[in-house]
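Work out the full structure: start from the sequences and follow the hints.
There are 2 protein chains.
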Amino acid sequence: MRIVWIGAGNVATHLSMALAQAGHETLQVFSRTIDSASILAERLGCMATDRAEEIVPNADVYILSIKDDAIDDLIEQALPRCEDALFVHTAGSVPMNVFQPYVRHFGVLYPMQTFSRTKPVDFKEIPVFLEASDEDAMKRLRELATSCTEKIYELSSDRRKQLHLAAVFACNFVNGCYAMAEDLLKAQGLPFEIMLPLIDETARKVHSLSPLMAQTGPAARGDVEVMKHQIALLEDLPEMQELYKTMSRCIYRLKQEKDIK
Amino acid sequence: MRIVWIGAGNVATHLSMALAQAGHETLQVFSRTIDSASILAERLGCMATDRAEEIVPNADVYILSIKDDAIDDLIEQALPRCEDALFVHTAGSVPMNVFQPYVRHFGVLYPMQTFSRTKPVDFKEIPVFLEASDEDAMKRLRELATSCTEKIYELSSDRRKQLHLAAVFACNFVNGCYAMAEDLLKAQGLPFEIMLPLIDETARKVHSLSPLMAQTGPAARGDVEVMKHQIALLEDLPEMQELYKTMSRCIYRLKQEKDIK
Numbered sequence: 001m002r003i004v005w006i007g008a009g010n011v012a013t014h015l016s017m018a019l020a021q022a023g024h025e026t027l028q029v030f031s032r033t034i035d036s037a038s039i040l041a042e043r044l045g046c047m048a049t050d051r052a053e054e055i056v057p058n059a060d061v062y063i064l065s066i067k068d069d070a071i072d073d074l075i076e077q078a079l080p081r082c083e084d085a086l087f088v089h090t091a092g093s094v095p096m097n098v099f100q101p102y103v104r105h106f107g108v109l110y111p112m113q114t115f116s117r118t119k120p121v122d123f124k125e126i127p128v129f130l131e132a133s134d135e136d137a138m139k140r141l142r143e144l145a146t147s148c149t150e151k152i153y154e155l156s157s158d159r160r161k162q163l164h165l166a167a168v169f170a171c172n173f174v175n176g177c178y179a180m181a182e183d184l185l186k187a188q189g190l191p192f193e194i195m196l197p198l199i200d201e202t203a204r205k206v207h208s209l210s211p212l213m214a215q216t217g218p219a220a221r222g223d224v225e226v227m228k229h230q231i232a233l234l235e236d237l238p239e240m241q242e243l244y245k246t247m248s249r250c251i252y253r254l255k256q257e258k259d260i261k
Numbered sequence: 262m263r264i265v266w267i268g269a270g271n272v273a274t275h276l277s278m279a280l281a282q283a284g285h286e287t288l289q290v291f292s293r294t295i296d297s298a299s300i301l302a303e304r305l306g307c308m309a310t311d312r313a314e315e316i317v318p319n320a321d322v323y324i325l326s327i328k329d330d331a332i333d334d335l336i337e338q339a340l341p342r343c344e345d346a347l348f349v350h351t352a353g354s355v356p357m358n359v360f361q362p363y364v365r366h367f368g369v370l371y372p373m374q375t376f377s378r379t380k381p382v383d384f385k386e387i388p389v390f391l392e393a394s395d396e397d398a399m400k401r402l403r404e405l406a407t408s409c410t411e412k413i414y415e416l417s418s419d420r421r422k423q424l425h426l427a428a429v430f431a432c433n434f435v436n437g438c439y440a441m442a443e444d445l446l447k448a449q450g451l452p453f454e455i456m457l458p459l460i461d462e463t464a465r466k467v468h469s470l471s472p473l474m475a476q477t478g479p480a481a482r483g484d485v486e487v488m489k490h491q492i493a494l495l496e497d498l499p500e501m502q503e504l505y506k507t508m509s510r511c512i513y514r515l516k517q518e519k520d521i522k
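First to last, the sequence lines map onto chains A and B.
Following our numbering, the numbering of the first sequence begins with 1 at its first residue and continues without gaps.
Following our numbering, the numbering of the second sequence begins with 262 at its first residue and continues without gaps.
The following label-pair restraints were derived from C-beta to C-beta distances:
hint : chain 1 : residue 1 : chain 2 : residue 2 : range
1    : A       : Gly23     : B       : Ile413    : 49 to 57 Å
2    : B       : Pro452    : A       : Glu257    : 13 to 21 Å
3    : A       : Glu143    : B       : Pro499    : 40 to 48 Å
4    : A       : Thr146    : B       : Glu404    : 51 to 59 Å
5    : B       : Gly284    : A       : Glu257    : 40 to 48 Å
6    : A       : Thr33     : B       : Glu486    : 18 to 26 Å
7    : B       : Arg304    : A       : Glu235    : 41 to 49 Å
8    : A       : Asp236    : B       : Pro499    : 27 to 35 Å
Mimicking EDC-like on lysine to aspartate or glutamate, the simulated pairs with C-alpha atoms at most 20 Å apart in a straight line are:
hint : chain 1 : residue 1 : chain 2 : residue 2
9    : A       : Lys186    : B       : Glu415
10   : A       : Lys228    : B       : Asp334
11   : A       : Lys255    : B       : Asp444
12   : A       : Lys186    : B       : Asp419
13   : B       : Lys489    : A       : Asp69
14   : B       : Lys422    : A       : Glu225
15   : B       : Lys489    : A       : Asp158
16   : B       : Lys519    : A       : Asp236
17   : A       : Lys139    : A       : Asp60
18   : A       : Lys124    : A       : Glu150
19   : A       : Lys124    : A       : Glu143
20   : B       : Lys422    : A       : Asp236
21   : A       : Lys258    : B       : Asp497
22   : B       : Lys422    : A       : Glu193
23   : A       : Lys67     : B       : Asp484
24   : B       : Lys412    : A       : Asp200
25   : B       : Lys516    : B       : Asp484
26   : A       : Lys228    : B       : Asp329
27   : B       : Lys385    : B       : Glu404
28   : A       : Lys228    : B       : Asp330
29   : B       : Lys400    : B       : Asp345
30   : B       : Lys447    : A       : Asp158
31   : A       : Lys124    : A       : Glu154
Here are some chain B residues the structure puts well away from chain A; computed CB gaps all over 10 Å:
hint : residue
32   : Ala279
33   : Ser299
34   : Val317
35   : Asn319
36   : Ala406
Just so you know, these hints were derived from the structure itself, not from any lab.
Backbone N, C-alpha and C define an ideal beta-carbon position, used for all residues, glycine too.
Here it is as structure tokens:
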């Protein structure tokens, strides 16, 4: 299929490369900043533009991979009104029907993964969640998805929203915890690397145990003395102190509920 | 060395097995509940007891691996007062000098890992942090640690406390995020397994990028619309909603500070 990319961020970069490798042709990359459009276009061997009116009208698929709150405006103002093309966005939290008033065939292809531009990923391992406006759109979306991953699920907008929220906890918030640990270690002159075996085992554990079964630490044990003490250690970091308290309450409650069951 | 274990929990189980495999002899396992003492003692092929007065006085090392807030009482009331033996605890947050008033040679061997009884771990990969009352104690502690791991560090009680706090963030809080994600998925009838590629990549990423560089998601992007929306989705889960807000504030602040630098 001939693809036009709207957006040149992390998701666009990784997904466009995976689709190009699978043999799809990229016609053009559009981005509000010509620099990022050009960088990605060069990697894909296609044209770049930062002018919406220059978006070519002859693609089979237009894939929007931009900040969630920019999608609405972009669809209304910049998208070519092609009858036969398929219009797709890649956002977890944006409902499919943002396309409804403007185009005929549309859908969502949400790859649930964390992408950083400089870190290559194996796309085949990434679960992709699809939703489409009609059978024809779903057929084309499936074809696109199948060419780059083996893990394909269909999911409605409502359920995708919940899935995206769960992913924020399991990825963004997890990484936030890593970042705070790094902060604490730095203050002691300790390298973040010493945390890696613990981080790896924490992730590995939930492959064979449910997270609730795997939960350890002061909050899970209800070890009030240690918690008090650690809260005191965070006195100069009020936001992290607040987080410590809230997180410990959440963990304690989850454990209690499980024990009651 | 001849070892007596005080405690039969997760840390005691894994560390005692690793030391037994390295050729050390276990004389006895003491625990307040005879059942858990017996289970571990059977695996180690030694005696079990739940009576403090029965703890044998002829060991080379007594290793305390019990709840942090039980250590003080146990040392005062139950530990044999052997002049030459080495007394060790394995707790991240408890200072070494809890032993000071009672025994002569003492120290700390803190293995920074998350242990669940049913999940085997490769002890060689686990970083172990040592502290000792005197040179002789450190020599024996090193000998013990060297026999089961390659990653040995010396660390004072104060710095170990901070390290333990960082580990609570990087492990216990991370697992708490997994558990909350599981809760959200369950409510949608989605299996936790679909999260595993994302969880693995999130952990893998911080091997090559600093957590701050690796941070993605609505809070890192300052995507207010998505955050508002996700906060609304958590209306019926007030503790998780609170956590969402606090965590997003922490992540946003960390990102801002980085960008200022």
